[in-house]
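Colleague: Using the hints, build the complex out of the two chains.
Residue numbers (the working numbering), protein chains in the order written: chain A, 1 to 113; chain B, 1 to 114.
No wet-lab data here; the hints were simulated from the structure. Nothing here was measured: the structure is a model prediction, and the numbers come from that model. Idealized CB from N, CA, C, for every residue including glycine. Don't take each hint at face value.
Calculated pairs, BS3-like style, for lysine-lysine (alpha carbon to alpha carbon, straight line, at most 30 Å) [said to hold, decoys possible]: (1) K70/A x K18/A; (2) K70/B x K57/A; (3) K57/A x K36/B; (4) K3/A x K56/B; (5) K70/A x K55/A.
Partial list, computed: chain A residues near chain B (C-beta under 7 Å) [unchecked claim]: (6) N31; (7) G42; (8) L43; (9) S94; (10) V96; (11) F104; (12) G107.
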Amino acid sequence: DVKVTQSSRYLVKRTGEKVFLECVQDMDHENMFWYRQDPGLGLRLIYFSYDVKMKEKGDIPEGYSVSREKKERFSLILESASTNQTSMYLCASSLVGGLGEQYFGPGTRLTVT
Amino acid sequence: GEDVEQSLFLSVREGDSSVINCTYTDSSSTYLYWYKQEPGAGLQLLTYIFSNMDMKQDQRLTVLLNKKDKHLSLRIADTQTGDSAIYFCAERHDRGSTLGRLYFGRGTQLTVWP
Chain A
1 DVKVTQSSRY LVKRTGEKVF LECVQDMDHE NMFWYRQDPG LGLRLIYFSY DVKMKEKGDI
61 PEGYSVSREK KERFSLILES ASTNQTSMYL CASSLVGGLG EQYFGPGTRL TVT
Chain B
1 GEDVEQSLFL SVREGDSSVI NCTYTDSSST YLYWYKQEPG AGLQLLTYIF SNMDMKQDQR
61 LTVLLNKKDK HLSLRIADTQ TGDSAIYFCA ERHDRGSTLG RLYFGRGTQL TVWP
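Just chain B, with the same shape it has in the complex (with noise of 0.2 Å):
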């Protein structure tokens, strides 16, 4: 099977970093994602990591990239109410019948309290 992991559940205190993590499954991903859905929305891509990176940062966020562990990790700085949503973590696959297609993550409910 195609299992990307997270967990599922976070909460954090407004003003704290909010670190979310997964595990993928191909090494040979070309791209990694990470969305963002709000109650009662589809997802929006946050942002992503081509696979010859490490690390990418975008004003409060930082993706890091550990190809050898196959680990992804999203870190939240500064996080804020606003920030409470479901974030999933992706990959892509660029293979055969696979081709556009998207593998993700069960998604990670994140809770800020004021």
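Looking at chain A on its own, in the form it has when it is part of the complex (with noise of 0.2 Å):
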């Protein structure tokens, strides 16, 4: 079974906090990304990678960056958490060609007070 797991699935911070969250799967992917869900704004993407030590910017990269050391780890980092950072993230994992269908994590409801 295809597998993406994030690293909590909760998470309070404090203003001015450096939040890291972590993503791991386990198929061998090159593709990782990772997007904010918000109410009525659907997924929006921060930042995606293609390859070990790459990165795209994706729409909404601002007071985010990430970090791909390993294929299967992507770690997306927050510098100095601010309050309009509260929001559900999702990373999502796919093949290069094929179907190119992304797999996605559980989430990480992340709440910044």
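Modeller: In structure tokens form, the structure reads like this:
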């Protein structure tokens, strides 16, 4: 069974804290993605990576950074968390080519107070 | 911008058919997808259609593609309460730096009443 796991289901952090969200996939996928999901706005792409140490900005990269040191792991970093980063964060992965479907993790509900 | 459009809400009675509509942006999209998100969970691929097809049927699901109008629809026959979820339409572009990226609509919340 294909699997994408995220380090936490729920996280509460204070304004100004540095926050790490971790995502691990066990399918040897080249592509990995970080989205945030907000009511009425759907999924918005923050960053994606198509190879180790490679990254591309998505539509809303401001306030975020990413790290991909190993193929299976993609980390999202909030350097200084703010209340407007309270959201559901979803990680996904996919193969290059073929159907290209993305497999999603269960999500991390982050609250910044 | 890359805007995939879909209505936000749909309510149906159990046993009726549901039709969720989507308009996408890129006539060169190779694959179009429907994802389902149940409460508190990530997205799961429900079905997909390749761009050279007009229709795809999979048990209770029928996907129709109108490339001329860039319109995609998902029909769920005999809708059940377990079908209540958010349904996302997505398109895939295969060019340049967007390789592998999917563009998602905002999602349609389907509510099924018993």
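Colleague: Does each hint fit the structure? Answer for all of them.
Modeller: So, going through the hints one by one against the coordinates:
1. Straight-line distance between C-alpha atoms of K70/A and K18/A comes to about 21 Å, which keeps the hinted pair within the 30 Å bound.
2. Restraint check: the Cα-Cα separation between K70/B and K57/A comes to about 27 Å, which is no more than 30 Å; the hinted pair holds.
3. Of the pairs offered as hints, the one joining K57/A and K36/B holds, with about 26 Å between alpha carbons and a cut-off of 30 Å not exceeded.
4. A hinted pair counts as satisfied when its Cα atoms are at most 30 Å apart, and K3/A with K56/B qualifies at roughly 27 Å.
5. Among the hinted pairs, K70/A with K55/A is consistent with the structure: their alpha-carbon atoms are about 13 Å apart, no more than 30 Å.
6. Satisfaction of the interface hint for N31/A is found here, the shortest Cβ-Cβ separation to chain B being roughly 4 Å, below the 7 Å cut-off.
7. Hint status for G42/A relative to chain B: holds, with the closest Cβ pair at about 3 Å, below 7 Å.
8. Below 7 Å, beta-carbon pairs count as interface contacts, and L43/A has one with chain B at about 5 Å; its hint therefore holds.
9. Below 7 Å, beta-carbon pairs count as interface contacts, and S94/A has one with chain B at about 6 Å; its hint therefore holds.
10. The closest approach between the C-beta of V96/A and any C-beta of chain B is roughly 6 Å, which is under the 7 Å cut-off, so the hint is satisfied.
11. For F104/A, the suggested interface contact is upheld, since its CB lies about 3 Å from the closest CB of chain B, less than 7 Å.
12. Satisfaction of the interface hint for G107/A is found here, the shortest Cβ-Cβ separation to chain B being roughly 5 Å, below the 7 Å cut-off.
Every hint, counting from the list given before, is met by this structure.
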